[in-house]
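**Student:** Please build the complete structure, drawing on both the sequences and the hints.
Residue numbers (full-length UniProt numbering), protein chains in the order written: chain Z, 1 to 439; chain W, 1 to 465.
Treat the hints as calculated values from the structure; they're not laboratory data. Among the hints, erroneous ones may be present.
Computed spacing ranges between beta-carbons, pair by pair [stated by the list, open to error]:
| hint | chain 1 | residue 1 | chain 2 | residue 2 | range |
| --- | --- | --- | --- | --- | --- |
| 1 | W | I137 | Z | D78 | 19 to 25 Å |
| 2 | Z | H432 | W | R439 | 55 to 61 Å |
| 3 | Z | R403 | W | R322 | 33 to 39 Å |
| 4 | W | E309 | Z | A89 | 54 to 60 Å |
| 5 | W | K370 | Z | R90 | 25 to 31 Å |
| 6 | W | P458 | Z | A89 | 38 to 44 Å |
| 7 | W | E460 | Z | R90 | 30 to 36 Å |
| 8 | W | E460 | Z | I124 | 40 to 46 Å |
A quick note: this is a predicted structure, and the numbers were derived from the prediction, not measured. By construction, the Cβ of each residue, glycine as well, lies at the ideal position given by its N, Cα and C atoms.
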Amino acid sequence: MARVVSQTKSAAVNPLKSSQPLGAAFAFLGVDGAIPLLHGSQGCTSFALALLVRHFNEAIPLQTTAMNEAAIIVGGADRLEEAILSLKARTRPRLIGICTTASVEARDEDVAGDVENIKRKRAIELVGTEVVLANTPDFDGAIEEGWSKAVTAVIEAIARSDKQYRNPRKIAILPGWNLTVADIEHLRETAVSFGLDPVILPDVSGALDGSIPEEWMPTTYGGTKLEEICDLGAAMQCIAIGEHMRRPAEALQRLTGVPYVLFRSLTGLENVDRFIRVLAAVSRKQTPLNVRRNRMQLQDAMLDGHFHMAGKKIAIASEPDQLFQFSDFFTAMGAEIAAAVTTTGTSKALEMVPAKTVKVGDLSDLESLAATADLIVTHSHGREAARRLGVPLMRVGFPMFDRFGSQHKLTILYRGTRDVIFDFANIIQTNHPPNPWPT
Amino acid sequence: MSSLNAKNKDAFHELASEKSGSKGPKARLRNCARPMAPGTAVGGCAFDGAKVALQPITDVAHLIHGPLACEGNSWDNRGAASSGPTLWRTSFTTDLTEIDIVMGHSERKLFKAIREIKDGYAPAAIFVYSTCVTAMIGDDIDVVCKRATDEFALPVVPVNAPGFVGSKNLGNKLAGEALLKHVIGTVEPDEPGLCDINILGEFNLSGEFWQVKPLLDKLGIRVRACIPGDARYLQVASAHRSRAAMTVCSTAFVALARKMQERWDIPFFEGSFYGISGTSEALRRIADLLVKKGADPSLLHRTEILVAEEEEKVWKRLEAYRPRLEGKRVLLNTGGVKSWSVVHALMEIGMEIVGTSVKKSTLEDRERVKQTLKEENLLFESMSPRELFSLLLDRKADIMLSGGRTQYIALKAKLPWLDINQERHHAYAGYEGMVQLARQIDLAIHNPMWPQVREPAPWEPALVV
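**Tutor:** Pasting the structure below:
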């Protein structure tokens with residue numbers, strides 16, 4: 001069990017974190033016809049926007065209430081109302097997802113009250129548009145918390161709580177932020193191959209997978225439909241992926257009675273085996289042939305790849321659940337976690353990380369711990385540290401702005417684990433050439 | 001906050017002078033203090049502007065005092081180049097947490113952060129940026145910086161531009177104010193010369209300024225300070241001994257130039273290094289100002305010779321592109337100085353401008369673009385993505401030149417696009433840059449990928465011609 005060591009420095013040097021409202025906005029992007037709205041100064045949005053655009057290489061719908069000096073003094077309710085009405089009139093979104101920022105939260109504004117007032121006062125104008133609020137101050141949490149809060153808020157605001165007929169084929173899947181577009185698509189295909197009908201929330205495929213719509217779309221296109229969210233209570237089973245998805249899973253259970261099972265990670269043979277067993281049990285179906293085949297391919301990749309991975313020292317920095325996902329996988333392949341750094345210290349996932357300590361810190365902490373590592377694993381901002389140390393970098397997480405196709409990288413289930421082994425082993429092989437056998 | 005207000009007004013005072021003086025007060029403010037409308041606003045805040053304007057000073061530690069997002073979400077997103085120090089590429093923030101704010105620890109944390117940076121990184125100076133939250137809870141960064149300056153014998157410069165005070169552009173101006181108040185004039189240079197100049201508002205993106213500097217070197221003109229591109233703290237601190245100045249991005253730093261003229265008698269002009277005639281004119285005016293201030297008059301003659309030689313060379317090289325680009329239709333969606341300077345440059349190689357945005361342009365910038373294009377309805381203000389998308393199609397543009405924010409509007413319309421803003425990968429300044437720009441536009445428009453990507457899908461009925 002890892003010991004979590006908190007931050008002692010006053011200056012964060014080369015931040016590892018991206019902010020909580022960014023995480024929430026990211027989650028809202030996984031709902032069809034949505035626009036995330038950051039309630040704060042203009043810069044909060046423009047920074048988050050630039051980062052999302054650079055990561056996805058896509059146009060991202062994101063808006064701001066553009067709090068000015070007056071709003072900072074008297075409160076932002078008017079600007080919030082103006083923003084909502086303006087967005088509604090111009091873009092007709094199905095969902096406006098409000099993420100608060102440090103500026104309004106430090107004022108201790110009652111944004112929830114403001115939103116309720118606006119919804120009541122403007123009920124007629126807002127017909128056809130849901131307005132959902134996630135309280136996400138920048139001075140707390142990071143992407144993971146923001147994502148989790150937004151999904152919880154969407155469920156609480158939209159899922160019907162009245163008694164519904166349970167559809168035996170239907171399951172709800174609540175993926176964490178660390179699953180890529182390819183992961184989500186693969187999850188869906190796998191569930192469908194068991195004859196199940198999965199509703200995935202949020203579903204960041206669609207607008208963020210690189211498809212080209214016929215005309216200009218000011219909102220997201222693709223993602224979970226509002227009707228599907230509304231009917232989540234008809235699911236037989238909810239599957240949450242990542243410790244941070246426990247909160248929305250519990251909200252769904254509280255609201256609709258749908259039971260949940262939580263997987264901390266879907267990477268690594270054993271984790272995937274458990275997941276497949278659950279799918280088989282829920283669907284009462286035999287495991288399809290393609291899944292069986294994928295498992296054999298993974299076994300083969302493990303046999304081939306383990307030579308390059310055994311005993312390697314890994315320095316890894318990421319959000320808690322992703323930190324667990326990858327460090328669990330690396331140690332399962334015989335590598336050793338020499339340094340683990342994370343963004344915030346509250347997640348239960350941290351205790352499970354197979355390292356002596358997990359440091360809550362920044363990329364300079366990672367840099368100081370990684371000098372003797374064989375591999376650094378973190379997002380693109382780690383490239384300078386890796387270069388300075390001369391240690392190869394494997395990019396995972398967000399943001400990834402100096403590599404193409406991060407969204408189409410598969411990291412989960414048998415196939416994803418197989419791909420990650422190849423990635424990992426290839427980087428190691430390139431930088432630590434083995435003996436000239438076998439050629 | 002009232003003092004901040006007064007400072008903001010002062011920063012915009014510039015607009016009340018000279019050419020814009022005849023316009024009403026509203027028109028004067030229209031460009032720079034554009035109201036930020038909730039739900040429609042795009043672009044950065046004042047903090048963003050201040051950071052952008054100062055961060056390329058390379059041997060300074062830039063410390064952002066606020067919650068994580070202000071720095072964490074925004075670092076490493078601009079490609080200014082440095083010929084030496086890399087400290088500016090290291091990101092520093094106090095990363096305030098809820099506890100820091102509730103317990104009132106933030107000023108103490110800032111002071112400790114300054115000490116840690118001084119001990120760990122030995123910077124030439126530390127710039128401390130306030131943000132929305134720290135301004136709101138009343139942190140007095142001026143006092144903290146003053147104390148740190150005294151205690152550590154190191155310049156610690158407060159930059160007061162929290163996001164909520166206004167636009168990115170206002171932030172640029174407030175950054176200039178901070179330099180004026182705390183940095184410029186604090187160090188006397190060893191050997192001031194008669195041909196020393198300042199370049200203001202040049203960011204050296206993708207090393208652009210290095211394409212121009214050799215021209216100045218050839219003329220024996222020394223750039224004492226290029227602010228902020230590839231600048232060192234000492235160069236900025238001694239910039240008051242230059243003999244003349246040029247503002248490249250006037251929107252950002254023209255107020256600073258004006259005040260340096262008032263205070264230290266440094267004459268300046270607004271120019272550009274984009275385009276052939278733009279570059280030549282800039283060189284001539286620099287020489288002219290220096291001679292007026294006492295430099296050897298032969299400088300004028302030498303400048304003419306250099307300009308003639310360089311222009312001849314570059315036109316020869318551009319001829320290769322003319323047949324490939326003549327008559328091609330360009331839509332520009334950029335701001336400030338580029339709205340006219342790039343227009344001019346493109347027209348020089350025979351391209352047709354079907355529209356240019358004048359957001360973030362000063363009134364003077366607008367006048368220039370009007371004179372160049374001779375048709376007012378080609379100018380447009382900032383517009384929504386959907387409108388821009390339609391404009392591209394309606395005016396049958398062959399390419400859009402813009403910044404990364406709007407690139408997908410062109411790309412999703414399956415139209416060529418070229419980045420000419422801060423994330424660009426090629427340098428377009430000076431004579432050399434013009435050739436590069438033509439080459440990149442040519443590559444973009446004539447990429448064999450375009451007809452393929454526009455091909456209908458196999459399951460769609462074939463087009464009958």
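**Student:** Evaluate each hint against the coordinates.
**Tutor:** Hints and how they fare:
no. : hint                          : result
1   : W:I137 <-> Z:D78: 19 to 25 Å  : holds (22 Å)
2   : Z:H432 <-> W:R439: 55 to 61 Å : violated (40 Å)
3   : Z:R403 <-> W:R322: 33 to 39 Å : holds (37 Å)
4   : W:E309 <-> Z:A89: 54 to 60 Å  : holds (58 Å)
5   : W:K370 <-> Z:R90: 25 to 31 Å  : holds (29 Å)
6   : W:P458 <-> Z:A89: 38 to 44 Å  : holds (40 Å)
7   : W:E460 <-> Z:R90: 30 to 36 Å  : holds (31 Å)
8   : W:E460 <-> Z:I124: 40 to 46 Å : holds (41 Å)
Hint violations for this structure: number 2 only, all remaining hints satisfied.
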